[in-house]
Each structure stands twice: as structure tokens, then as C-alpha cells.
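Position one of the sequence shown corresponds to residue 1 (the UniProt record's numbering), numbered consecutively onward.
It cannot be assumed that every hint is accurate.
[As the list claims (entries may be wrong)] The calculated lysine-lysine pairs, modelled on DSS-like cross-linking and capped at a C-alpha distance of 25 Å, are:
#1 Lys128 <-> Lys113
#2 Lys73 <-> Lys25
#3 Lys126 <-> Lys113
Read the hints as simulated data drawn from the structure, not as lab findings.
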Amino acid sequence: MATYSPSHPHYLHDDIESSAEQCVKQAAVFSYNQMKTDGHWCLRVRSSISFTVQWLCIRRILSPSLLPEEVSKFSRFLLSQQNPYDGSWGLAPAVYKWPGDVSTSTEAYFGLKLLGTPINSEPMLKAKSFIRESRGVNDIGVLS
1 MATYSPSHPH YLHDDIESSA EQCVKQAAVF SYNQMKTDGH WCLRVRSSIS FTVQWLCIRR
61 ILSPSLLPEE VSKFSRFLLS QQNPYDGSWG LAPAVYKWPG DVSTSTEAYF GLKLLGTPIN
121 SEPMLKAKSF IRESRGVNDI GVLS
């Protein structure tokens, strides 16, 4: 990897530019290879639990109640993404080497409350502890 040198201030920039260009080309080739014969894409999306909790909120407002088996599945999914060490949820699915995110953790806690998870259960207590230690809702993002 190139390093920055004051005598060559554009050296690092050129290296980053060519690396970015190569990444974009590789992404385009990958995307093209994933395209279905009729021209659409259908791939699994992996993200933080935020989309799931947002969907639960919308479903709660607009639709009939969740069926018991849906509640069970959503609860299991949200809990499976919780960091078992500090009780947090991160920005990436089940990546425990990254620090937990207070916004995502607050959303997950709220989602589990919507699903009826007891607030005195171990996962909820760990989540609440992480959120409080992270300055609580004072530091959550605007979309939370």
C-alpha cells in the first residue's frame, strides 16, 4: 500500500483513486453477474436490525396484530443479533468485534418491548445497561 510523502502529495490520492475505480468495476461485474434473465436483481439484504424494528412499528400502526408465531420469529431474530458480551446491537449484523451502537441498541430494545419481551429478562437488562452506559437516549441518532 502506498504511503503519503510530503515530496509526493498526490501519490496517495492517485493510489486511492485507482483503488476506488477498481472496486467500482468489481462491484459492477458482480452486480451484472447476479442479474436475473429478465433484468431484475433479487438478493438477500443484510443490515442492522433497524429495518426490522421500523417495519414492526409500521406494522403495529397500520396492520392487524402480529400472529404469535411472527412475534416469536421476530423476537428470536432480534435477540440473535444482540452482542452477548455487552448487550448491544451494532451497525452490522452480528459483528461483535465492532463497538455497539446506542441508536441501534435503543431501536432493538424498543422493538423487543413492542413484541412483549419482559423488561426484566436478561437480554433486556443487558441492553438497558449498555444504553445507559452510552449516555442513554441523549446520543441516539435523529432517525431513531
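Comparing the hints with the structure gives:
1. Lys128 <-> Lys113: At roughly 12 Å apart (the allowed maximum being 25 Å), Lys113 and Lys128 satisfy the hint.
2. Lys73 <-> Lys25: Status violated; Cα separation ~38 Å.
3. Lys126 <-> Lys113: It holds: about 14 Å lies between the C-alpha atoms, which stays within 25 Å.
When each numbered hint is compared with the structure, a violation occurs for hint 2 only.
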